[in-house]
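Heads up: the sequence lines are chains A and B, in that order. When we follow the working numbering, the leftmost residue of the first sequence carries the number 3, and every step to the right adds one. When we follow the working numbering, the leftmost residue of the second sequence carries the number 3, and every step to the right adds one.
By construction, these hints were calculated from the structure, which means they are not laboratory data. Certain hints may be false.
As the list claims (entries may be wrong) - Pair by pair, the computed Cβ-Cβ distance ranges are:
hint: 1; chain 1: A; residue 1: Leu277; chain 2: B; residue 2: Phe472; range: 34 to 40 Å
hint: 2; chain 1: A; residue 1: Lys227; chain 2: B; residue 2: Pro460; range: 38 to 44 Å
hint: 3; chain 1: A; residue 1: Ala124; chain 2: B; residue 2: Asp399; range: 54 to 60 Å
Unchecked claim - On the chain B side, residues computed to face chain A include the following (Cβ under 8 Å):
hint: 4; residue: Glu453
hint: 5; residue: Arg454
hint: 6; residue: Leu489
Claimed, not checked - Simulated pairs of lysine to any residue, SDA-like, Cα-Cα distance not exceeding 25 Å:
hint: 7; chain 1: B; residue 1: Lys299; chain 2: A; residue 2: Ala224
hint: 8; chain 1: B; residue 1: Lys102; chain 2: B; residue 2: Glu146
hint: 9; chain 1: A; residue 1: Lys154; chain 2: A; residue 2: Ala135
hint: 10; chain 1: A; residue 1: Lys265; chain 2: B; residue 2: Gly511
hint: 11; chain 1: B; residue 1: Lys492; chain 2: A; residue 2: Leu68
hint: 12; chain 1: A; residue 1: Lys154; chain 2: A; residue 2: Arg187
hint: 13; chain 1: A; residue 1: Lys227; chain 2: B; residue 2: Arg272
hint: 14; chain 1: B; residue 1: Lys299; chain 2: A; residue 2: Val220
hint: 15; chain 1: B; residue 1: Lys171; chain 2: B; residue 2: Gly511
hint: 16; chain 1: B; residue 1: Lys492; chain 2: A; residue 2: Pro66
hint: 17; chain 1: B; residue 1: Lys299; chain 2: A; residue 2: Asp223
hint: 18; chain 1: B; residue 1: Lys299; chain 2: A; residue 2: Ala250
Cβ coordinates follow ideal geometry from the N, Cα and C atoms, glycine included.
Take a look at the letters that make up each chain.
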Amino acid sequence: MSTLIKRLAQAGSFESGDVLVQVAPSPEKLAIHIKSKVGPRFSSSMQESVRAVAAELGVTANTPALIIDAPVFTPDSIILDLEDAVAVDQKDAARELVVSALVPVKPHALRLAMVESAEDIACLDELLGRCEADAGLLVGTVKIMASIETAKGVMNANAIALSSPRLVAMSFGAEDFTNSIQSERTPGGHELLYARTAVVLAARAAGIDPIDTVFTLVEDDAGFKADVRTAKQLGFAGKSCVHPRQIALAHEVFLPTPEELSKAERVLAAYTEALERGVGVVAVEGRMVDGPIVARAQRIVDIANASKSLREVRAR
Amino acid sequence: MMVTNKAGRSVPSFIENLGEFQPYAGVFATLPTGAHYAPPIRRNLGRGMGAGKKFLASLREAILASELKSGMTISFHHHFRNGDMLVNMVVDEIAALGIKDLTLAPSSLQSIHQALIPHIRSGVVTAITTSGLRGELAEVLTRESLLKSPVVIRSHGGRARAIETGELKIDVAFLGASAADVYGNMNGIHGPAACGSLGYAMVDAQYADCVVGITDNIVPYPALPISIPQTQVDFVVKVDKVGDPKGIMTGATRITRDPLELHIAAQAMRVIEASGYFREGFSFQAGTGGASLAVAKLLRERMAETGLRGGFCTGGSTGYVCEMLREGYFSAILDTQCFDLAAVESLRTNPRHVEMSASYYANIHAKACTAHITDIMMLAATEIDTAFNVNVLTGSDGIMMGASGGHSDTAAGTKLRLVTAPLIRGRFPIVVDSVHTVITPGECIDVLVTERGIAVNPAQQTLQEQLNDFGIATVSIEELQWRAEKLTGKPEPLAQSEELVALVEYRDGTLIDVVRRVL
Chain A
3 MSTLIKRLAQ AGSFESGDVL VQVAPSPEKL AIHIKSKVGP RFSSSMQESV RAVAAELGVT
63 ANTPALIIDA PVFTPDSIIL DLEDAVAVDQ KDAARELVVS ALVPVKPHAL RLAMVESAED
123 IACLDELLGR CEADAGLLVG TVKIMASIET AKGVMNANAI ALSSPRLVAM SFGAEDFTNS
183 IQSERTPGGH ELLYARTAVV LAARAAGIDP IDTVFTLVED DAGFKADVRT AKQLGFAGKS
243 CVHPRQIALA HEVFLPTPEE LSKAERVLAA YTEALERGVG VVAVEGRMVD GPIVARAQRI
303 VDIANASKSL REVRAR
Chain B
3 MMVTNKAGRS VPSFIENLGE FQPYAGVFAT LPTGAHYAPP IRRNLGRGMG AGKKFLASLR
63 EAILASELKS GMTISFHHHF RNGDMLVNMV VDEIAALGIK DLTLAPSSLQ SIHQALIPHI
123 RSGVVTAITT SGLRGELAEV LTRESLLKSP VVIRSHGGRA RAIETGELKI DVAFLGASAA
183 DVYGNMNGIH GPAACGSLGY AMVDAQYADC VVGITDNIVP YPALPISIPQ TQVDFVVKVD
243 KVGDPKGIMT GATRITRDPL ELHIAAQAMR VIEASGYFRE GFSFQAGTGG ASLAVAKLLR
303 ERMAETGLRG GFCTGGSTGY VCEMLREGYF SAILDTQCFD LAAVESLRTN PRHVEMSASY
363 YANIHAKACT AHITDIMMLA ATEIDTAFNV NVLTGSDGIM MGASGGHSDT AAGTKLRLVT
423 APLIRGRFPI VVDSVHTVIT PGECIDVLVT ERGIAVNPAQ QTLQEQLNDF GIATVSIEEL
483 QWRAEKLTGK PEPLAQSEEL VALVEYRDGT LIDVVRRVL
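Pulled out of the complex, with its shape left as it was, chain B reads as follows (with noise of 0.2 Å):
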């Protein structure tokens, strides 16, 4: 059964095999209840370091220690992006043992996770929840039916609730990390395969009913900083490599230098300035995408000229504004993931750098979280309709290509939501009449800035008000959408049938859109 939920999708309220649904009611409209999910006790290790009992020689020694079965729900983190090696791997090696029928539920999937297509074709695979997926392995999923339940699409904070809730309930969390000992202290910061923050992955590791350390790099007791207690280890192995550093990261995320980003960059400044949000002791949190870290960059220059000094840094880091905590810009940066070297080098020396959790950081239920305290916010958008609804998993073509991230818990949460996109993106306008797929209700949307016109949200009538005190032109986001086709004309519909493949969980575990199969 459809419903037509608050964000004026149609949802179901049932799916076979993953059961009932909830339609997404308002940002903070619907409460939690029940009580955290609790993993079981079940280690002896005796004294000592637990010798054949914790650190075992092989992954399928792992495997077979952590009772692994037919239909259960493994787990992974995406910190190594596409320079993963463990996802591929661990679902190589489980499939040679002729296990099956399994929920894979990674913090996130990238174009090297291709490799899976022919064990989900061989039903190794038959359900999968990320927040987002990539490349040839998103394509097939968009295409074709090939799961056994729709792919659940969740934020950032709403796996991390979804987690704690226990309605993910993982059996087996396989965590890499680039450096661990043997009794189950790891972390991301040292190491060949260095990817930094393990934030999307300690959430993991506190819930999962198993949780399998896997790294490359074993170094002596105890291994420091401890991202990942030994508390929380059931099994560490040692494999040949985790990741390809290549594809992990890059050494220093560089600002873009296409005059049409800083451009829209430059208004996007413009506009954090007039909101008031530009202020002694501000929060901010800034993507790696295009104008969003050049806005750092005009905030850097702008907090020199007037003496004025940030607060926190918030989301994932790059070198660039740990540069700006190390020369005092901001007094201290919490992360869940890192971008690039620079920043993994800063945090293994810059003790105002600190890593954080994927709850701590986004999770709606949580006690408190990052994302409900930061004051500036820079998204991104795929698409972005006449009601300011954004995308940012599906592309124009209606294949998914992107993920859910963060998006939609910080749009929730901070003061000022600022989106900034190009006007035109390939042939295709930005801003359309309906969005193919909500990711963040309009209602959490403040002002689209583009290098064509800014348009505030209706909505947001003091905002507007600051823009029009400030002496920025403002257009409607109509104009912006009508400008758009004036050059691009008015895209056609896409052919989709009505089969579901993927499901969109705002991030209080409602069903605030789903993706159709296109055909």
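Here chain A stands alone, though its shape is the one from the complex (with noise of 0.2 Å):
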């Protein structure tokens, strides 16, 4: 099976330069998180406001039948869990087989779980610096992922979002963070509105990508949806799924409704020809717009094509 996965990443399902590896720094906690991208919103040549990630999949790096599926359901990145959902005496297995699979990719990211501090990040930070000089590459080409799980970790987050350049994204983690607050989960999410507006508000001030975190019941469509509104609203970039049904339905509420793309691309053209005739403010169907609104409209129009050119991805 290790074979055929290997043959995936010759394949270029996986490409070349889009796999993101996550690892922890403490020995106890090291597990080798491997995570790809199959849409273009990781691709370097994207402009930052467009590296959204709608949907990120995790899948359960010991099943081999699961990661050769995972790019059928076009999720903007998929995550090879070797962390929680693999038993430790599955780990050796499982991290060979993520190996001996994605060893011929360049990978693009490490994501480290758990982090709670920027040392955790500087220290990654380090030891990628000398990995990439071993290896002839550009110091800084492998970018970073942290994954806040912990009530240290929000409290943190600012100083981790700032903690590197190589930082492209910061996720939050509901299950282990409700732990570490001895709390639990319920559906109404009052225990994590601080923690997922803190990591929001330290990503956005940092300029990178906040990920929400899982919603495990995964036969509850609406409830999914509604927690991904939520997401949505609070700032979120994307969602992580935990199944491939999720993964059309949280693009369904990150990527503009055909009448939000087209009202936006309607306020740009009135900002553009506007600014032709000299003029910094204009009404459009009665609304003042100037450059927040303006920003808006184009970062929708922005997710909209990369969204367009993920689907041609998915025709290919």
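Assemble the dimeric complex from its two separately framed chains, guided by the hints.
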């Protein structure tokens, strides 16, 4: 089966340069997470503003069939989970599988689980620098994603978000977090509100993507969508998914509707025209349009374009 | 002598004990001649219910009364599926009577019929014709040459046609029913072994020289509704059990939850919308398998959104499409076989849900058949090749494991012929250079929908343009094959002998392919 995955890597479903590997710094937490994107959103040629991760699919790393099929569902990225989803006595086999499968692919980034301080990132940053030098890569080539999953991590979110120029995204993990505050998850999610907001603000302030926690009731489509809507409203750029069926639902919420897109296009057209006439402010359908409105419209169009090229990738 | 047919397959023109065969010459190329077969007239029951003449005390008495002799042909239906007890029970009894050298001609065989293997080895059964066969029986018949002649595989419509012409002459049909009266009226919708429609048995009842009705549930005269009428039944026998309800069917077929199949279904739904056949009054045939029932669910959602309503549903029925009938999404169900108890209940209670015979459903030479007027058909495939030929009979190991069923019948006549399949099954690519066994010729397939891409048959340019206009990306079937082989590698060719273990008849009675003995 590992040969099969190796072939998958060679087949190009896992594109070279698009793989993110996630590790934890302490030995007892050592779990390599490999994260691969099949959509275009992490592509380095993309503008910063559309690097959004609408749907990120987690896959247990010791189930080869799931790994092979994961790209089919066109998530924006895939996490091969070697952490909690893999039993301790299966870790070696799972790591072996992941390594043999993805060695031919140049890693794009590492994702660090259970980050609690800027030092965790600094540690990885330094390690990566040495690896890059050894491999003859430009230092800073490999990016980092940080996963915030504890009370301590949340309280240090600002420092973590600013800890390294390698950092491209920060995700929030609610299951470990609620344990760390000795609470439990409820449908209303009040226990998460502060932490989610803290992660969003820290990430957005640092100019990186905040990614929301998983929703584990895989049968509850309505509950999942409501949770994604909350995440979008709070400012998250994407959602971690635990089941393929959640991907389309996440896209539905995060991607602009045709109405939103057409309105955004009208705003941009009116604004461009106004600029040509030397005017900085213009009214579109009875609403004043200025800088922030234009920026929002531009973001909607960018996401739609990224999504369009994602669909083209899917269709290929 | 072997000749190459229109599908490019090498087929025999003569087989010892079976006679001459014409090679497949094209979908509607071979025209019928001759007349329908007619069973002999030999009943004179006199006044009353024919007590002691028609309703007999035991299976053995019925076999004796049928005048079954060595060398004859016996038939069964497969409506009891893997819960069937009759085939094994009747052949045991026949063997005990010392009758040998029989041709077994059921509408299909299931894995439970592995109990026949000793009777095949001992010469009680020496020839078989069926739509399909599974399990150990199928394996033994593909690996060993146990019969006097190769198994003849026929489609549901092809079997009905062959029975009507007398090409498949049935001496005695043993037809199970979950309810019957002592005068021979029978149905499958009442009683503990309820199986629903008796569509496949209707042809046997009409054309067999002798018909033995077997039930475990005698009801007062008349057994209503009448699926098989008293006028066609020679004898009626009551046994303890005709079938095991657990093996006959489940409560209700569930829509798949496999995300891969749901993904394929979603792609298929887009193709259906693009094709233009999703329109007011459209007719539809869904199977039970994988993605196809999920497509029914998506159709229902689109119908609810758009207000558009379907016409008839055909083929087999599941509780899900019956629910759609009840809610007005479809106007009628024409049913050859019920796949679950919810469908049986619908057949029992909904006047717009009716049984149809295999001939009415799919016989190419019937004066009309439903398979030729259906709009959308969801087809399966164990393999499909780059010429779009489809195999649903043999597995990747060359062993028989499926059934011809209505595949080639519906593919020949339906307007949109859509194959859904995962591109990789087990460790094998579904798209291959050349299928091991052709059941349906590629010219009858419009489009293949997999989770890793959609390929339109290059012969179907109109559909290709419709998909382009709809914004559905497609690739060549060779590209799909390449995508699969990138992951799986290219399978090595199978080791097989030249010996033929099965002949595959096309629905018009010509030979489309053969199955060779696997080494």
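Evaluation of the provided hints:
no. : hint                               : result
1   : A:Leu277 with B:Phe472: 34 to 40 Å : 37 Å, holds
2   : A:Lys227 with B:Pro460: 38 to 44 Å : 41 Å, holds
3   : A:Ala124 with B:Asp399: 54 to 60 Å : 56 Å, holds
4   : Glu453                             : 5 Å, holds
5   : Arg454                             : 6 Å, holds
6   : Leu489                             : 5 Å, holds
7   : B:Lys299 with A:Ala224             : 18 Å, holds
8   : B:Lys102 with B:Glu146             : 20 Å, holds
9   : A:Lys154 with A:Ala135             : 32 Å, violated
10  : A:Lys265 with B:Gly511             : 62 Å, violated
11  : B:Lys492 with A:Leu68              : 21 Å, holds
12  : A:Lys154 with A:Arg187             : 18 Å, holds
13  : A:Lys227 with B:Arg272             : 23 Å, holds
14  : B:Lys299 with A:Val220             : 19 Å, holds
15  : B:Lys171 with B:Gly511             : 14 Å, holds
16  : B:Lys492 with A:Pro66              : 19 Å, holds
17  : B:Lys299 with A:Asp223             : 16 Å, holds
18  : B:Lys299 with A:Ala250             : 17 Å, holds
Hints 9 and 10 from the earlier list are contradicted by this structure; the remaining hints agree with it.
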